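In this note's numbering, the protein residues as written are 3 to 62.
Hints were generated in silico from the structure; no laboratory data involved.
Fair warning: this is a prediction, and the values are worked out from it, not measured in the lab.
Treat each hint with caution, since some may be false.
Straight line, CA to CA, 20 Å or less: simulated EDC-like cross-link-like pairs of lysine to aspartate or glutamate [as the list claims (entries may be wrong)]:
no. : residue 1 : residue 2
1   : K7        : D17
2   : K4        : D14
3   : K49       : E22
4   : K49       : E38
5   : K16       : E30
6   : K49       : E30
7   : K36       : D25
8   : K36       : E11
9   : K24       : E38
10  : K36       : E22
11  : K24       : D14
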Amino acid sequence: MKVAKALTEVWDWKDRVYNEDKDIPLRESFCRAKRETNKLLRGMGYKKNYLRKDVYQISS
Numbered sequence: 003m004k005v006a007k008a009l010t011e012v013w014d015w016k017d018r019v020y021n022e023d024k025d026i027p028l029r030e031s032f033c034r035a036k037r038e039t040n041k042l043l044r045g046m047g048y049k050k051n052y053l054r055k056d057v058y059q060i061s062s
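Taking the hints into account, I'd like the entire structure generated from these sequences.
Encoded structure:
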């Protein structure tokens, strides 16, 4: 039962994200995805490598 509930939550999330992004221009959608990915990586303990663009490394 827990798996079914988790799957329905994921599907609801997917539908919500799709409905939010379907009217956004493609370039803006890519920028939003990049921001969200960067936020996720920082939350996982990675830090930005300023010598190379868009490269992350584990923070020590």
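*Compare the distance between the alpha carbons of K36 and E11 with 20 Å, and conclude whether the hinted pair is satisfied.*
The given pair, whose Cα atoms are some 23 Å apart, is violated under the 20 Å limit.
_Tell me if the straight-line CA distance from K24 to D14 falls inside 20 Å._
It holds: about 15 Å lies between the C-alpha atoms, which stays within 20 Å.
*Straight-line alpha-carbon gap K49 to E22, limit 20 Å*: Given that 20 Å is the threshold and the Cα spacing comes to 29 Å, the pair is violated.
*Within a Cα-Cα threshold of 20 Å, do K24 and E38 meet the stated pairing?*
OK: K24 and E38 at ~17 Å, within 20 Å.
*asked:* Hinted pair, alpha-carbon criterion (20 Å max): K36, D25. Please report holds or violated.
replied: Since the Cα atoms of K36 and D25 sit roughly 18 Å apart, the hinted pair holds (cutoff 20 Å).
*Regarding the pair K7 and D17, is the alpha-carbon distance no greater than 20 Å?*
It holds: about 15 Å lies between the C-alpha atoms, which stays within 20 Å.
*Does the alpha-carbon distance linking K4 and D14 stay inside the 20 Å limit?*
holds, 15 Å
*Given the hinted pair K49 and E38, is their alpha-carbon gap at most 20 Å?*
OK: K49 and E38 at ~14 Å, within 20 Å.
_Hint consistency between K49 and E30 [alpha-carbon to alpha-carbon, up to 20 Å]_ = violated, 24 Å
*Do the alpha carbons of K36 and E22 lie within 20 Å of each other, as the hint requires?*
Holds: K36 and E22 sit about 16 Å apart, inside 20 Å.
*asked:* Just to be careful, I want the Cα atoms of K16 and E30 compared with a cutoff of 20 Å; is the pair within it?
replied: Holds: K16 and E30 sit about 18 Å apart, inside 20 Å.
Violation of the numbered hints given earlier is confined to hints 3, 6, 8; the remaining hints are satisfied by the structure.
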